[in-house]
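Number of protein chains: 2
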Amino acid sequence: MADRNRRMVLAERPTGMVDESTVRLEEVDIPQPGAGEALARVRYISIDPTIRTWMDDAPGYLPPIAIDEVVRSGGIVEVVESNSEQHKPGDLLFGFSGWQDYVIASAANGYQPLPDGVSPTLALSLFGITGMTAYFGLIDVGKVKEGDVVVVSGAAGATGSTVGQIAKIKGAAKVIGIAGGPEKCASIVDDLGFDEAIDYKNENVSARLREAAPDGIDLFFDNVGGAILDACLAQLALRGRIVLCGAIASYNESGTGKGIANTSNLIIKRARMEGFLILDYFDRLDEGRAAVADWLGEGKIKSSEHIVEGLENAPDALNLLFTGGNTGKVIVRV
Amino acid sequence: MADRNRRMVLAERPTGMVDESTVRLEEVDIPQPGAGEALARVRYISIDPTIRTWMDDAPGYLPPIAIDEVVRSGGIVEVVESNSEQHKPGDLLFGFSGWQDYVIASAANGYQPLPDGVSPTLALSLFGITGMTAYFGLIDVGKVKEGDVVVVSGAAGATGSTVGQIAKIKGAAKVIGIAGGPEKCASIVDDLGFDEAIDYKNENVSARLREAAPDGIDLFFDNVGGAILDACLAQLALRGRIVLCGAIASYNESGTGKGIANTSNLIIKRARMEGFLILDYFDRLDEGRAAVADWLGEGKIKSSEHIVEGLENAPDALNLLFTGGNTGKVIVRV
Chain D
8 MADRNRRMVL
18 AERPTGMVDE
28 STVRLEEVDI
38 PQPGAGEALA
48 RVRYISIDPT
58 IRTWMDDAPG
68 YLPPIAIDEV
78 VRSGGIVEVV
88 ESNSEQHKPG
98 DLLFGFSGWQ
108 DYVIASAANG
118 YQPLPDGVSP
128 TLALSLFGIT
138 GMTAYFGLID
148 VGKVKEGDVV
158 VVSGAAGATG
168 STVGQIAKIK
178 GAAKVIGIAG
188 GPEKCASIVD
198 DLGFDEAIDY
208 KNENVSARLR
218 EAAPDGIDLF
228 FDNVGGAILD
238 ACLAQLALRG
248 RIVLCGAIAS
258 YNESGTGKGI
268 ANTSNLIIKR
278 ARMEGFLILD
288 YFDRLDEGRA
298 AVADWLGEGK
308 IKSSEHIVEG
318 LENAPDALNL
328 LFTGGNTGKV
338 IVRV
Chain R
8 MADRNRRMVL
18 AERPTGMVDE
28 STVRLEEVDI
38 PQPGAGEALA
48 RVRYISIDPT
58 IRTWMDDAPG
68 YLPPIAIDEV
78 VRSGGIVEVV
88 ESNSEQHKPG
98 DLLFGFSGWQ
108 DYVIASAANG
118 YQPLPDGVSP
128 TLALSLFGIT
138 GMTAYFGLID
148 VGKVKEGDVV
158 VVSGAAGATG
168 STVGQIAKIK
178 GAAKVIGIAG
188 GPEKCASIVD
198 DLGFDEAIDY
208 KNENVSARLR
218 EAAPDGIDLF
228 FDNVGGAILD
238 ACLAQLALRG
248 RIVLCGAIAS
258 YNESGTGKGI
268 ANTSNLIIKR
278 ARMEGFLILD
288 YFDRLDEGRA
298 AVADWLGEGK
308 IKSSEHIVEG
318 LENAPDALNL
328 LFTGGNTGKV
338 IVRV
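The listed protein sequences correspond, in order, to chains D and R. Offset between the first sequence (1-based) and the numbering used here: plus 7. Offset between the second sequence (1-based) and the numbering used here: plus 7.
Since the hints were derived computationally from the structure, they do not count as laboratory data. Some hints could be false.
Identical copies look the same in the list; a pair holds intra-copy or inter-copy alike.
Below 25 Å or equal to it, Euclidean Cα-Cα: the simulated DMTMM-like pairs (lysine to aspartate or glutamate) are [what the hints assert, rightly or not]: (1) Lys208 x Glu218; (2) Lys208 x Glu27; (3) Lys150 x Asp98; (4) Lys175 x Asp64; (5) Lys150 x Asp287; (6) Lys95 x Asp26.
Note that this is a predicted model, so its numbers are computed, not measured.
Extracted from the complex, chain D is given alone in its bound form (with noise of 0.2 Å):
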């Protein structure tokens, strides 16, 4: 065991990409665990774009990170030293770790035990906030069925990855993921089963969703907005839906977006557009965790991941989000 906690916090906000300004690497002495409480090593940090959002000092559905604070994230923590009967060393966890190397775990802070025979990366992607952002903003919100023609947007991210797949299974007559590059394009047609790919930064993104979907998208999974969301709207069909998962486009922009212009289209085709969050959910992770597990174990479903060694590229890590640098779910192995 390391003699200190090494933690990475908010030195200030960023106004654009996260720099090397952004956050401060410091070391602290090992937090000592209470009654009732485990000290517990992270092992793997989740990467996810709203961590970008809580550094911002705005109001969203979390406080924002303070200055000086440890940055916020998901992680995977393994024990090291209890003083709970819960919890043994060995035992891995899931939790709000943040970007640090040790944290206090226990079950009153939200820590909780890994799935049964879940990998810790498979706990992060498929099994995570990940999977089930994918599985309860499709089915729930979006109400998929069979014959929709689903439109994903961050195709080869994380979430839309995961969204093209469980639509294939739901029965969709076609899933169109939208990504940036050739590789990405080719990687979820011919690894992942989408039926075809738009490259929007080598093609005209409105012109290829009126070729790909000529009488119009069911069924649009949104994690990116601006644009992309835009030329979705314009392309909608009679009672199209538009489930908005992330607007990745625009956090780090302060308000210099062109904005939304097709909204009205919503009129024309009677169409909704709806927000969520996965936290809404939580009650409900037994229902989406069993139909992944299925799928995995029918070989329908695939993760797709993108490991970065070392806490110390956390910030690298995040910046590829909006990059998009990585194909799947970025975690951080500590």
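Guided by the hints, dock chain R onto chain D, whose structure is given.
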């Protein structure tokens, strides 16, 4: 009876507001009713924002009005000569009369008798498309419920003024109308019972919404789109609902609008934005009309009407909707 049928046809597609070159008044022979048909004199013409959208050569829920075609609109007609057992001279019927003096009316081309005991102007306002749009939009799409904080844009207009009154009847905790100018704002509060009014021409809508709805907007019924929609998106309550009924702010634009910046607030607030068209509710109009008849009988709802005299003034009447020159339902008396 006049010898000729005066009619206003679309001469050229407008780029902004309708002007003298948009429509052409022409005289043609009065049409002759065939077997099972009636000749009817147009008495009242319904002036609705959607007419302006039909003048554009753009896909919509109905085809564009063709060049040289009579301008499409709803109207109340009076049978003057009949070859049908269903219609006798003096009968008042509702249908798509268009902007002209005479039409051939039959059940086959969609003409229906007025509801019992309902005057022609009420038939076009509270009992017509306008009132039914307010009723089904608020109740079926918006799912208005007791205790809601409701905001209505275009609040002094035909639909908006009805929406606010129905929201109060349905137990909304607070109904806030957004309208242009102090007279309209006074009118919706003093005459129609809105709790509060925001004058978008003279007040900062965002600031006033934060004051008037400090805990957020539960339901926003939008008739205008644009900057007002954006301001309401920013002030949504958790699980807020936006009913998109119209986007009058953009009907005279050609893609020059600034666009909507706050769609991602739908995610944070797990909120829904949904468009609708009253034509999807044509099989349920009896339900809406029965409710309106009850409320009218109980003195709980008022019709607000703005009558313009003369077929030749129909283009100016249409422009009133966009300049905000009207209070209530605009109707042309032919």
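Against the structure, the hints:
no. : hint            : verdict
1   : Lys208 x Glu218 : within (17 Å within a copy, 43 Å between copies)
2   : Lys208 x Glu27  : neither (27 Å within a copy, 46 Å between copies)
3   : Lys150 x Asp98  : neither (37 Å within a copy, 47 Å between copies)
4   : Lys175 x Asp64  : neither (39 Å within a copy, 37 Å between copies)
5   : Lys150 x Asp287 : both (16 Å within a copy, 20 Å between copies)
6   : Lys95 x Asp26   : neither (38 Å within a copy, 80 Å between copies)
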